[in-house]
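Line by line, the protein sequences are chains H, B, Y and P.
Quick note: the numbering used here has the first sequence finishing at residue 500, numbered continuously throughout.
Quick note: the numbering used here has the second sequence finishing at residue 654, numbered continuously throughout.
Quick note: the numbering used here has the third sequence finishing at residue 204, numbered continuously throughout.
Quick note: the numbering used here has the fourth sequence finishing at residue 100, numbered continuously throughout.
There may be inaccurate statements among the hints.
[To be verified] As a list, the in silico BS3-like pairs of lysine-lysine whose alpha-carbon atoms are at most 30 Å apart: (1) H:K368 to H:K460; (2) B:K5 to B:K195; (3) B:K78 to H:K489; (4) B:K162 to B:K373; (5) B:K27 to H:K437; (6) B:K595 to H:K368; (7) B:K595 to H:K437; (8) H:K64 to H:K437; (9) H:K164 to B:K550; (10) B:K373 to H:K460; (11) B:K595 to B:K171; (12) B:K620 to H:K164; (13) P:K94 to Y:K28; (14) H:K186 to H:K64; (15) B:K27 to B:K162; (16) H:K489 to B:K548.
Bear in mind the hints are in silico, worked out from the structure with no lab data behind them.
Below, each chain spelled out in residue letters.
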Amino acid sequence: MNIPILSLILWHGLIAAIIMSQLARSSIWLQKSTAVIISMLGCGLTGYLWYGFIPNQAFQFVEKVPWIAHLGAFYHLGVDGISLNLVILTMIIVFLSILSICVIQEKNIASACTWVFLVQAMSIGAFLALDGLLFYLFWEASLLPMFLYIGLCGGGNRWFAARKYFLFSLFGSLFFLVSILYLGLKAGDFSFSSFYQLQLNLNEQLLLFTAFTLAFAIKLPMFPLHSWLPDAHTQASTSGSMLLAAILLKLGGYGFMRFNLPITPDASMLLAPLMTVLSIIAIIYIGFVAAVQSDIKRLIAYASISHMGMITLGLFVAYLMPGSVQESTRIIGISGVLVHMISHGLSSAGLFLCFGLVYHRLGTRDIKDYGGLMRVMPIYSGFFMLFILSNIGFPGTAGFVGEFFVIYATCAANLWLAGLAVLTMVLSATYSLGLVKQVFYGRVNNMQLLTVMDINWSEKLLLGLLSLMIIGVGIAPDIITASSVHAIKNTVLFVKSGQS
Amino acid sequence: MQLIKILTISSVCWPLAAGLLTGLFVKSHRLAHRLCVLGMLLSFLSIIWLCIQFMSGSQQAIVVDLMQWSSLPNLNAKIGLCFDAFAIMMCLMVSAVALLIHIYSIGYMQDDIGYVRFFSLISLFSFAMLFLIATNNLIGLFLGWESISLFSYFLIGFYYYKNRAAEANFKAFLINRFGDCAFCLGLALLIYHCKSTAYADVYANINLLANTSLNIFNNPVQLTTLIGCLFFIGAMSKSAQIPLHIWLPDSMEGPTPVSALLHAATMVTAGVYLLARFGSMIEFSAGLKLVITVIGATGALFLGMMALCEADIKRIIAFSTLSQLGYMMVAIGLGAYHIAIFHLIMHAFFKACLFMAAGSVIVGLHHEQNIFKMGGLWSSMPITGLCFFLSALSLSGIPPFSGFYSKDLILSVAQASTPASFLGYYVYDAILLGCLVTPLYIFRVYWTVFCGPENHQHGEVCESPWTIRFPMTILAILSIGAGALTLPFFVGPDALNIVPALPDTSAITRLNQFINKIVTGGLLIHALREPALAFSIGGVVLSWIIYKRKPQWTTRHQTWLAIPEYILRNQYGFDWVYNNIIVTFFSGCARTCQKVGEQYLINRTIENRVSQNIVIGAEKFSRVQTSYLNRYFAIMSVALAGLIGISLFYSGIL
Amino acid sequence: MIVPAIATISMLMILFANAVILLNHPVKSVLSLIACFLCASILWLIFGAEYLALVLIFLYVGAVMTLFLFMVMMMNVDSYTPDEQFTTKFSVMILTLTILVPCAIYGLSQLSNPSMISTDIASVKLSSKNESFTLFSSVLYQDYFWVIQIVGLILAVPIVLAAGIVKQGANTHVKQQKSSEQLAVRSNQRLTLVDTKQVRKKSC
Amino acid sequence: MLRSIIILTSMMLVLTAFVGMIINRRNLIVMLLCVEMIFLSANINFVYFSRFHQHVHGQVMALMIIVVAAAESAVALALMVLMYRQYHTVDSSKLVNIRG
């Protein structure tokens with residue numbers, strides 16, 4: 001494969017951003033068409049990558065070019081089962097958010113698209129990097145465009161939310177930089193394979209583990225460090241919160257899979273009970289908090305925190321399993337985590353998109369201003385109901401698959417944990433359907449609602465595309481699990497070494 | 001062989017295709033109901049063909065593989081359909097009732113704006129129910145299980161502009177969802193221990209499951225009892241057993257065909273189907289079976305009594321469904337799974353007919369549901385009256401009708417094999433009293449609505465159109481003859497083995513011999529020796545006296561009847577407990593989480609404190625910058641002296 | 001014999017230094033600083049650095065100190081009230097005395113110890129008349145030739161700029177004749193006479 | 001002995017300059033004088049030790065210091081003139097606007 005496909009995909013976002021920034025003053029129609037064509041090109045590239053990917057091999061399409069030679073840092077890209085799926089998810093979500101910008105916004109489309117493409121480039125860079133320093137570069141870089149995007153095209157006090165998001169993530173990633181440098185110096189060069197072969201004693205691992213967890217726990221909002229997400233979501237624009245929910249939260253999960261499990265297995269073994277307790281708290285406590293929210297976007301944000309709790313539970317339950325449990329249950333658990341990451345990406349992006357359409361029409365986020373929307377916009381409420389079902393974890397949609405595998409793995413580890421984890425089905429049902437009851441059912445009490453038009457063909461196309469994907473993953477999750485089983489088997493080998 | 005494969009898939013998927021087509025594309029009413037009824041008819045005919053194939057063939061299951069769900073290591077998750085004896089009997093009943101309900105709702109929903117949406121939802125529901133019954137693996141089971149509760153959510157909330165409908169479907173879905181939690185946990189445990197999701201593998205290593213045990217509170221619990229418990233909690237929420245029954249009376253907010261199809265015949269029986277399908281799971285623990293019988297019996301008696309002082313005609317029939325479900329649970333608890341299924345099918349027929357009759361009365365009186373505002377309808381709606389009377393007789397278990405066969409079997413099995421303990425006696429007495437109460441409340445409705453004085457202001461009431469009358473009469477005929485015709489299939493020497501892989505413990509064999517002895521000797525003769533028949537006939541006569549001959553008794557004994565009436569009207573305080581204690585507790589808990597957790601703990605303490613301290617610290621430092629030059633110089637010289645001192649100290653001079 | 005002279009001169013210098021900071025009137029402190037510089041130059045003469053001593057006097061005292069005096073005179077600073085400064089100045093006096101007196105005593109006590117004196121005096125070899133001068137100039141213009149040129153250049157810049165900063169433009173409120181403008185006047189800028197009566201009739 | 005005297009005097013000069021800087025809040029000119037004094041004390045040491053070590057580099061350095069000191073005082077005085085024009089006083093405590 002002589003075409004450097006991975007660099008093409010990586011820098012596609014950047015080139016697109018540059019092009020879009022030049023078009024700021026041209027006609028609206030030109031801006032929209034170029035944005036859509038470029039992101040379609042990106043999807044084509046990823047399609048080519050997916051077509052060329054052989055399921056049961058480790059890292060493919062590897063590109064290694066010396067970057068800072070004497071430090072041992074290389075421009076080292078590669079893709080395996082886990083990162084392939086996440087790259088495809090990123091491309092799809094970016095394509096959808098570009099479409100949503102074109103459909104919803106009338107002015108400053110070019111600037112919004114530049115930020116979206118920048119976020120795409122940086123997050124894909126993070127997913128593809130196989131070099132510690134390169135990963136850190138893209139990890140930090142993905143923070144900046146999101147900060148500016150929330151700051152520039154957001155809602156009321158958007159700068160407060162953007163600043164809070166930036167400071168939280170920055171605080172985490174500083175310790176992360178220190179630990180990467182430590183590993184790099186100890187291992188000679190910065191590539192992941194040499195990190196994985198390092199033999200670290202326990203207190204080294206404990207320190208590294210806390211540094212990694214701090215960085216990833218803030219990005220994937222775990223329980224105590226989650227307060228930036230609701231603010232960031234309420235102030236971000238529709239496509240902004242789609243990106244934030246679908247892609248940037250997955251960076252945290254991806255980081256856990258790439259750093260915490262393989263590099264510090266003993267420390268993860270030691271701290272697994274703490275992490276599972278935190279994720280259980282996240283699931284139940286945040287579920288309760290989500291039930292009493294009065295702002296719709298904030299409710300969906302809390303919902304995604306609860307789903308992220310499910311992901312950390314799946315990751316660290318692999319350590320709680322007694323030795324007697326076969327390795328395959330761990331593989332099922334972690335592939336459930338991957339599927340749940342992708343399904344949460346799709347369903348929460350869908351929810352934010354739907355809400356964006358209504359917010360574009362009515363301009364208010366408060367639940368009390370809505371009521372009886374089903375009579376006014378029946379087709380829209382159909383789509384919204386489908387995304388809510390995926391959010392709840394209804395079998396047949398994407399949400400159920402990941403949740404079920406994680407519960408399956410928790411059953412193997414400890415029945416009480418599984419009992420608490422299963423509660424998420426009831427809690428997600430309460431807040432999601434509570435939202436549906438208040439927004440869609442009942443009499444139309446806000447007269448402005450009567451003047452609202454149902455969704456037009458372009459919005460139907462957008463929502464239809466997303467719901468097709470959700471049902472597709474729900475009915476045949478094999479698309480994701482088949483390609484990623486081999487990669488997850490490697491991470492699980494490290495988990496095993498942690499236990500022995 | 002290919003033909004059978006296509007037919008099995010099509011039998012389940014016709015309603016799906018029809019439902020999706022009408023839902024997405026069809027606008028006109030006429031095309032909508034034609035499409036859906038056609039879909040349902042085709043599925044019914046293909047199921048009949050399959051049944052003939054099954055009966056004529058060597059009676060082994062017809063299995064079809066659909067797709068590979070997930071290719072994870074040592075977890076074979078294949079989704080497919082399997083028509084064994086149990087599935088075929090149930091599918092026959094479900095598709096028959098669904099077909100009749102489709103025809104019925106043409107007449108009932110005539111002038112409703114959501115006509116197309118209604119038909120698509122009804123067809124999709126029938127697909128979900130058929131898929132639940134026909135699937136051959138646990139993932140498909142859970143998919144069917146959740147989708148019927150989803151479609152019941154949509155159908156209860158069909159009149160979405162009514163706030164009460166929104167409350168009812170939210171409550172129904174939540175309680176079902178709570179049951180699904182336990183059910184999903186049981187499923188995960190089962191799949192984990194059998195390493196596969198197919199029923200065949202589950203039945204294969206039932207014994208292996210029976211003797212593995214998990215320790216909870218470090219005393220070993222048999223795995224099958226644990227899974228059985230979890231399945232029972234799921235079944236309780238779906239089949240509305242005692243603590244989780246509160247959603248069924250409220251689900252009457254939906255249109256009557258919905259109540260007829262979902263909340264009488266098909267959906268509420270899914271719980272009984274589940275326990276029967278996994279009867280082998282329950283068989284291993286006597287304690288669990290006792291719990292099921294007790295809950296079933298209390299449901300049968302006390303939930304039935306609630307119907308005595310209810311005014312809304314649909315809620316009365318809903319309460320009667322609750323009590324009949326109690327009977328089925330008793331049969332399941334006693335191990336007589338095939339009798340429970342027999343009663344389930346018979347109950348589907350006469351309960352659907354009751355609901356249809358009630359529906360045609362409601363349509364006739366322009367959506368009037370209060371029985372005291374109706375009366376003397378026999379003259380204007382003779383067919384509805386006759387159908388109501390026949391299915392009422394069948395419900396109360398009068399001999400020639402089908403209800404008698406299944407109810408009497410349950411009672412005789414209960415008398416024979418309930419344990420000789422206080423609970424055993426309580427169960428038998430509760431069912432017996434249930435037999436007395438059932439005719440009381442159902443004939444109360446009959447006398448007040450069809451006979452009694454005419455106190456409705458609608459003047460001339462005309463009989464409902466043929467689309468309502470035709471399915472009602474068919475169901476009335478079924479509720480007469482079905483019992484006698486299908487008895488040999490369920491009971492007796494050459495019956496189909498409904499429940500697969502039953503462990504042949506001594507209790508089961510003793511029970512079968514007892515049933516065979518009764519059936520061979522003729523049920524009617526056996527029933528004459530039993531008190532059950534006497535109670536049923538007594539109930540009918542009693543209701544005739546109280547509500548027909550002497551209606552003034554109830555008014556005269558108003559005083560001492562007030563207290564029991566108050567208790568029954570408030571449904572033993574279950575609603576009060578649900579609304580005031582459980583709902584307020586959880587919403588209070590959520591509100592405190594939000595106030596204490598989010599506002600106070602996270603926002604106020606962590607963020608504000610930290611940022612404030614940083615700002616204060618910064619101010620302190622800036623005060624050092626006074627504008628006086630000499631003070632700057634003083635600081636510089638002090639610093640210089642300090643540096644010199646340190647360097648001297650470290651260089652060892654000082 | 002040299003050392004007591006050096007001691008007295010340096011004692012004098014310290015005295016003048018104290019005077020600089022203790023005297024109230026700035027002119028007096030400038031003058032005492034000049035005296036201090038003179039003592040220093042005498043000291044350097046003793047050491048044999050005649051060129052530097054003269055540079056100090058001509059360049060430093062002559063140029064810089066006059067600049068200071070000029071500054072003081074220009075700013076006609078009146079002497080400030082002594083009272084609020086007295087306590088601090090008195091404490092300074094005490095401070096210097098406490099350090100000086102013991103050292104002086106110690107220094108004089110050492111006088112009697114010949115070995116101490118001889119080593120120092122031998123080190124300060126009084127060279128012949130112009131030997132240090134030629135040595136100094138040769139080193140200056142050979143080893144440090146480029147250094148001096150660059151320093152000269154660099155220091156010229158601030159001097160010019162200092163002058164530039166202080167230079168004020170022509171002050172506007174003083175009327176000055178500009179011959180160039182007087183020559184460039186046109187006829188239409190001359191004075192024109194207007195009959196006010198017609199103007200008033202037309203306008204009302 | 002001689003060496004201690006020389007070092008003592010230059011130290012005393014520096015100390016008095018420091019004290020002058022600190023206690024003298026009223027008059028900027030005296031502060032500048034103190035700066036000159038510090039230069040002088042440095043020069044004294046340079047000259048003495050250049051003679052003590054028999055080489056001329058010390059004296060060249062002293063010359064450099066004198067030259068730099070001259071330039072520096074020129075600039076300082078220019079600034080002081082500007083300040084005087086602005087504030088009409090040389091009292092350093094009136095320079096309030098440079099507060100941090």
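Results of checking the hints against the structure:
For the suggested pair K368 of chain H and K460 of chain H, the alpha carbons sit about 26 Å apart, so the restraint of at most 30 Å is met. Between K5 of chain B and K195 of chain B the alpha-carbon distance is near 27 Å, which keeps this suggested pair within the 30 Å criterion. Under the criterion of a C-alpha separation no larger than 30 Å, the hint pairing K78 of chain B with K489 of chain H is consistent with the structure, at around 22 Å. With a C-alpha separation of about 23 Å, the suggested pair K162 of chain B and K373 of chain B falls inside the 30 Å cut-off, and the hint holds.
Restraint check for K27 of chain B and K437 of chain H: satisfied, since their Cα atoms lie roughly 26 Å apart, inside the 30 Å limit. At most 30 Å may separate the alpha-carbon atoms for a hinted pair to count; K595 of chain B and K368 of chain H meet this at roughly 19 Å. For the suggested pair K595 of chain B and K437 of chain H, the alpha carbons sit about 23 Å apart, so the restraint of at most 30 Å is met. As the CA atoms of K64 of chain H and K437 of chain H are separated by approximately 54 Å, the hinted pair breaks the 30 Å bound.
Straight-line distance between C-alpha atoms of K164 of chain H and K550 of chain B comes to about 77 Å, which puts the hinted pair past the 30 Å bound. In summary, the hint linking K373 of chain B to K460 of chain H is not supported, as the alpha carbons are separated by about 48 Å, beyond the 30 Å threshold. Taking the CA atoms of K595 of chain B and K171 of chain B, the gap is near 25 Å; set against the 30 Å cutoff, the hint holds. With a C-alpha separation of about 24 Å, the suggested pairing of K620 of chain B with K164 of chain H holds against the 30 Å cut-off.
As the CA atoms of K94 of chain P and K28 of chain Y are separated by approximately 23 Å, the hinted pair is consistent with the 30 Å bound. Pair hint K186 of chain H plus K64 of chain H holds up; C-alpha atoms about 21 Å apart against a cutoff of 30 Å. Our distance criterion of 30 Å between C-alpha atoms is met by K27 of chain B and K162 of chain B, whose separation comes to about 24 Å. For the proposed pair K489 of chain H and K548 of chain B, the alpha carbon gap of about 76 Å is over 30 Å, so the pair is violated.
Of the hints listed earlier, those the structure fails to meet are numbers 8, 9, 10 and 16, in rising order.
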